[in-house]
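**Student:** In case you want the letters, here they are:
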Amino acid sequence: MSTIKQKPAAERKKSKSIWTESFRRLLKNKTAVFSACFLILMFLFSFVGPLLSPYGADAMDVTLMKYPPSLFHWLGTDDYGRDVLTRLMTAGQISLTVGLASMVLSLVLGALLGAIAGYYGGIVDSMIMRIADILLSIPSLPLLIIIAALLSEFKVPTDYRIYIVMMMISFVGWPRLARLIRGQILSLREQMYIKAADVLGLSSRRKIFHHLLPNTYPLLIVVATLQTAAGILNESTLSFLGLGVVAPTATWGNMITIANNLIDFQKRPWLWIPPGMAIFLTVVAINVLGDAIRDVLDPKMKGR
Amino acid sequence: MRKKQFSFISLLLVAVLILSACASGGAKPGTASSKAEQATKVADTKDQYIKATDPGKSPETANNRTDTFVANISEPGGVFVPYFYDNGWDENAIQPIFARLVAIDEKGNPVPDLAEKWEVSPDNLTYTYHLRKNVKFSDGSPVTADDVAFTLTLLDDPQYTSSVIDISTAEIKGADDYKKGNATSISGIKVIDAGTIQITTEKANPLNLTLLGGYILSKEYYGKDYKKGQLDYLKALYSKPMGAGPYKFDQYVNGQEIRYTANENYYGGKPKIEHLIFKITAKTTALQTFQAGETDLDSFTTDQDTLDQLQALGFANIKIRTVPDYGYIYVNNKKSYLKDTTVRQALTYGLDRQKIIDVKYKGYGEVANVFTAPTLWSYTEDGVTKYNFDPDKAKQLLDTEGWKVGSDGIRTKDGQRLKLSYLTTKPDDQIIPIAKENYKDIGIEFVPEVLDANTMFSRLTKGDYDLLSVRTNGLIDPNDSVAEFASDKPDLNVSGYSNPKVDALIKEGISTVDEAKRKETYKKLYQELSNDPPVILIDYRKSIAAWNARIEGAENYATGNYDSAIALSKLSIKQ
Amino acid sequence: MRFIRDSGMPAENKRGVPVKKYVLKRFLQMIPILLGISLLIFFLFAMMPGDYFSSNRKLTPERLNELRALYGLNKPVIERYFIWLKNAFHGDFGFSLQHMLPVTTLINRYIWNSFIISFVALFFTWALALVIGVYSATKQYSFFDKLVTLGVFASLSVPSFFIGLMMIKFFGVDLHILPIGGMLDTGSNSVGFAYLLEVLRHMIMPVAILTILSVGSLTRYFRTGMLDVLRMDFIRTARAKGLKERTVIFRHALRNALLPAITLLAFELPGLFSGAIITEQIFGWPGIGKIQLDALNARDYPVLMTLTMFLSFLTIFGNFLADVMYAAADPRIRIAKKE
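Protein chains in written order, with this note's numbering: chain S, 1 to 304; chain X, 305 to 879; chain A, 880 to 1218.
The shape of chain S in the complex, shown without the other chains:
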């Protein structure tokens, strides 16, 4: 909203008050506050937690391999005798960042391009949608192998690769959301209130951001929650191509895949329940928060 300056002062004031008003209403919504607090707690757990742990995340103890939860290791140890709780915390640093960042990036790209294509139609629509077709047609696995090779060729430090890759994935992943949003915008554009906005002579930008996109918000929340979960789990799939996080760095995704056989799955639930719960709770919190924000913002809800 850097272009806000161009707007007449009165309008700016008005739109600002809408935002503060919404925020105030959001604060009144207990579920939203709780979810937000939970997410903040998750971040604290991940970023501050390890400092309080007596164990290093990568510190091994071969005498204590796959040891069940005890007073010393609250969540047990993994196959190298590393403390699961500590690893769960450090893993959160990467998984939360990767999950949320990839979600935001693909949402912004997908929503924006989809809205533009749907709103303007014609040649703009054709261009964006044909590019979307091409991107949708490119098989992701070979593309990722090439990216892996290139990153390796240019000696990009392994710790940063995951972020670059996540950006690339969001970049090639926007077409799906864009097509969904475009479809909605196509219908919304024909509705009464947009026709009314046309008559009022509102600017295109205003129509897109204030009238069209907010109506696709429910869809965006769904995509946001699904995308966050997918982002966190995808990271572990990527590590098979050397694009994910390289061991011994922990992520929720690679922690869960350690227990990849029936024996560990049945006999050692402390290996996979903690990371599974972490992903689950994060996704639920994002969804609940998203729903609450929608209820607060939704223009159609105002009358109720």
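Don't read these hints as lab results, they were simulated from the structure. The reader is advised that the hints may include incorrect statements.
Unchecked claim - Stretches of chain A that chain S covers, calculated by requiring three or more beta carbons in the stretch to come under 8 Å of a beta carbon on chain S: (1) 1024 to 1034; (2) 1043 to 1053.
To be verified - DEER-style ranges, computed between Cβ atoms: (3) X/D795 to A/F968: 34 to 42 Å; (4) A/F922 to X/E379: 27 to 35 Å; (5) A/L1172 to X/P462: 27 to 35 Å; (6) X/A616 to S/L27: 55 to 63 Å; (7) S/V124 to A/F968: 32 to 40 Å; (8) S/M168 to X/A787: 38 to 46 Å; (9) A/L1029 to S/L41: 17 to 25 Å.
From the three backbone atoms N, C-alpha and C, an ideal C-beta is built for every residue, glycine too.
Could you slot chains X and A onto chain S? The hints should help.
**Tutor:** Frame of chain S, contents of chains X and A only:
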């Protein structure tokens, strides 16, 4: 309404936590540590054979198959003609159908198959094979020396494209003229009579006896339309194999199983079990498939948990054998900072290989110290330097070489930081966390990278790596594992290792076929290689195979071995 | 409602482009796009490090050069592309290096196995998601809705192989009512109806897994779409008119809520033929997913190229169909106009 949702989530959370606590409480504390102790002790035991405790528990599904033996196979490609597949599993698939001239036992020794005996000339250049009397293909036609000649000619055809065998290494006399010139036959292959063939080579090579004595194709069946330089006609026969092995091909159910029936014309007599099935199983569910009786024999992941479960089945005979290969880390000798022997020695001393093996095999692996597999006849630890984990020694070696610890804890020399890249194909490579910790301790920065196999191997051949983790192929001859360290074969020698003494010993090793003499040579070679290590040796490993006790004689059978067909023909089912 | 169709046309129509012309134009656009994609993909594959022979460490360098020359791998990429294109136009998609089979034979042999489980799973996924999604939406924040929501997120938080392994253990080993893997019983010679039954029995678990995997997210889409529509003015109007709730939901709301589904359904088209790698692997289902992954790992270019182009075509064709369907019918507009 909202409050309800919130409380519901917290309720669920509590429930899950209790559930997980219960589940973990169920596993008695203490079992894990005692198991780890037990595991380290098992590490030095030899091959084990655990007999079934209660064969009566064999599942009904298996017992109902009174005339069928079901073994596992991984991923056949569907090309069922020896030498023409590119997929190693297809070789497993054709082994019951095609007999070899000379089979190879587990230790790498030649065993008579279609040839009952053979002679090698004193200069080790001429091989004479004598076929068994009255030996027949499964269609009833006789196996003759012409078939052997045809098979070897086919492999030298200019259009022969498979990468599975390279007959040119045998250096048969006149093979090059046939392949690249106008010759219409290979001068070094001579049919003496219907039952005798003589092959002359240009260079002594102990591998020739078995290389030339491979699977035999029928000239009448596969060579009717053969013209030099035209092999396309064979494609029509890929799915219709016919050979002289104990079983005949019946059907390949795509991606599912390969079915065979007993060959009544087999030289060893018709096998007792009428039907054989190689069923495609996945590693993840092999145990469940076996438990349900869908398979009679399979191989499993090597760890204590799997072994416990197999033993608990009661009806499983279990064999734990050492696999004829070893794992190692390539060290790029061409890099200025890795070309010194002392640095490579320090890298080996500084790595806790025992710990890697404990984590990786949980008791079913050993630290490797010799450049061959423990199963091979050439194996000896005599005079071989064992690099037991000793970080102080590693530090000291690096110090003497002039690598000084810098302010960041990483050693430097002449402005070069000791930062080593490590390439692997496995994201869960057990070497990574351990090496990272160990090497950091002695002042080396270890930077792991996971790549897909093709990318990694192209980096290896380009020499664009510091450290790179691999396993050898299954070793048959001692030369298989050491050939790559000869400095006069720069294309093969990807590590860039160079040691004149080693070069001479490698040559000496394949200059004779006398096993006793070779043994002496290899002993010296292993000593020299251990003193000036070209790479970091890591591990020998074991494999777990189990079969339903109703199958008798399976302790001698292992799918893929070069004598597996012979063992297969002797199996029987206990009724 | 039919009579409003003309005035209810979306964008293209409003600007005076008849639907037929739009469809034709849109169809013609697909051809250059497909050609462009084939070029792009060919280069992408060529850029992957290594080729079919590079990971085979048994080969001597001379033999490697010989083999590369025999298979034309030493030619420049652009030349190889045009050779491929020329052959493809003649219906010759090459020969798999790995399987030693014509690519079309290979693909034909496995792709239908994948198609059949994907298709059945797709059917169940959509049916279930529709029922659950709609029901959840009409009973928003009810116990059922919350249970479904939690179930959906739980299924998103656990990798698929866990669920697969549990099912095998439970149904295959413990209860012994379902086969553990494969498409047929070991050594089975059944034909006709018995064969069909056997395949069906083997299909149950893979189909169940595929359904569980995708039903979650689809439910979310349907639930949201439905919730969205239920808040619309015309639904209020319909309710105000005193229509039965059932009629409101099924006659009015559902039709509108299904509109975004057209886009989603288009995405499923290539998925029907692409195979499911993990599921196929766990259940030993002889599908195309594994063939594709192997081809990629082994750099078996002819197989990769043909499969990828086929899937690309389906992707683009699916989107084309979706666009045409959007252009042909947008019920929301009709109803909105009516009011």
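**Student:** The structure should be examined with respect to each hint, and the outcome stated for every one.
**Tutor:** Going through the hints against the structure:
Restraint check on the region 1024 to 1034 of chain A versus chain S: 4 residues with Cβ-Cβ distances below 8 Å, three needed, restraint holds. A stretch counts as covered by a chain when three or more of its residues have a beta carbon under 8 Å from one of that chain; for the region 1043 to 1053 of chain A and chain S the count is 4, and the coverage holds. Taking 34 to 42 Å as the suggested C-beta distance range, the pair X/D795 and A/F968 conforms, at roughly 39 Å. For the pair A/F922 and X/E379, the supplied restraint of 27 to 35 Å holds, since their beta-carbon distance comes to about 29 Å.
Checked against the hint of 27 to 35 Å, the pair A/L1172 and X/P462 passes, with Cβ atoms roughly 33 Å apart. Here the CB-CB span from X/A616 to S/L27 is close to 58 Å, well matched to the stated 55 to 63 Å. For S/V124 and A/F968, the Cβ-Cβ distance of about 33 Å falls inside the hinted range of 32 to 40 Å, so the restraint holds. At roughly 42 Å, the beta-carbon separation of S/M168 and X/A787 lies within the given 38 to 46 Å, and the hint holds.
For A/L1029 and S/L41, the hinted distance range of 17 to 25 Å is satisfied, since their beta carbons lie about 20 Å from each other.
In summary, this structure violates none of the numbered hints.
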